[in-house]
Amino acid sequence: MSEAMTASIPVVPAEVGAPKLQLLGAPDAASCDGEFCEIPAHHEQAVMNRRVDEDRI
Amino acid sequence: MTDPIKVDVWSDIACPWCFIGKRKFEAGAELFGGDVEVEYHSFELSPDTPVDFDGSEQDYLLTRGFPADRIDGMLDRVTGIAESVGLHYDYDALQHTNTVLAHQLIHYAKAHGRQLEMKERLFAAYFEQGRHVGRVSDLADLAAELGFDRDDVVRSLSENEHLAAVRADQELALEYGIQGVPFFVIDGRYGVSGAQDAATFASVLTQVRDEKAAVA
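Chains as they are written, first to last, in our numbering: chain G, 1 to 57; chain Y, 1001 to 1216.
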């Protein structure tokens, strides 16, 4: 993985308007919107499962 | 040999999912195995956050209307998920602050060809080490630890040298319709929102590589 060697201004041409993006990936992936950071249910379940496993150890 | 796939990432230093998403993306890029060129862009989740907040993260979230009985559980869950990708979040030490200067420092580092290094340093400083990332002097200390010229960093941040670049990133996020972070724009065509699994990132990168190969 390399680093973009550019000046400070983004390469994507903002002045002509950004193209519409095709969204890929799980729609419920964890993200932050404003000050609210969502924790999808499957993530909570994964953590709970891990804790149960740890308790068993 | 094909050109690297360009990935533009919008994120905020104060975003717990952005550091987790960074790790997951890096794992996905490793799984993918091809050339990937990454550029980070500024996104302020909470631009009205004060530089100095005298209190804990729990105190801060209370001031923003989070239900008191859910805060500890929420932070505990985020900390657990961070641990699962090898990150050691320390919310007891974390110093909540405004991130606009940190974003400027990332642009400063980009101008010196070291953006990824600075991004990683600031995330770790904020979430794992309880360092303050909102003041010029603290940010200059962090930059100096990476070998940057401390005096020049102080000059740059004091002059808001890269504020226009931060604002340009934010305007571009608006044009793309980005409302939450982390957000990954891959090859300028695909959007991937959130801290996805590594396999998802690898799959999208593979799809883009195959498409580019088909039209070459």
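If you're looking for bench data, these hints aren't it; they were derived computationally from the structure.
Positions of the beta carbon are idealized from the N, C-alpha and C atoms, including for glycine.
Heads up, a few of these hints could be off.
[What the hints assert, rightly or not] Pair by pair, the computed Cβ-Cβ distance ranges are:
no., chain 1, residue 1, chain 2, residue 2, range
1, Y, Asp1152, G, Ser2, 37 to 45 Å
2, G, Phe36, Y, Ala1216, 38 to 46 Å
3, G, Ala26, Y, Asp1003, 21 to 29 Å
4, G, Pro27, Y, Arg1150, 23 to 31 Å
5, Y, Ala1068, G, Ser2, 26 to 34 Å
6, Y, Val1154, G, Pro27, 23 to 31 Å
7, G, Leu23, Y, Asp1152, 34 to 42 Å
8, G, Phe36, Y, Glu1083, 31 to 39 Å
How the hints compare with the structure:
{"no.": "1", "hint": "Y:Asp1152 <-> G:Ser2: 37 to 45 Å", "result": "violated, 25 Å"}
{"no.": "2", "hint": "G:Phe36 <-> Y:Ala1216: 38 to 46 Å", "result": "holds, 43 Å"}
{"no.": "3", "hint": "G:Ala26 <-> Y:Asp1003: 21 to 29 Å", "result": "holds, 28 Å"}
{"no.": "4", "hint": "G:Pro27 <-> Y:Arg1150: 23 to 31 Å", "result": "violated, 44 Å"}
{"no.": "5", "hint": "Y:Ala1068 <-> G:Ser2: 26 to 34 Å", "result": "violated, 45 Å"}
{"no.": "6", "hint": "Y:Val1154 <-> G:Pro27: 23 to 31 Å", "result": "violated, 43 Å"}
{"no.": "7", "hint": "G:Leu23 <-> Y:Asp1152: 34 to 42 Å", "result": "holds, 40 Å"}
{"no.": "8", "hint": "G:Phe36 <-> Y:Glu1083: 31 to 39 Å", "result": "violated, 22 Å"}
Violated hints for the displayed structure, listed by number in ascending order: 1, 4, 5, 6, 8.
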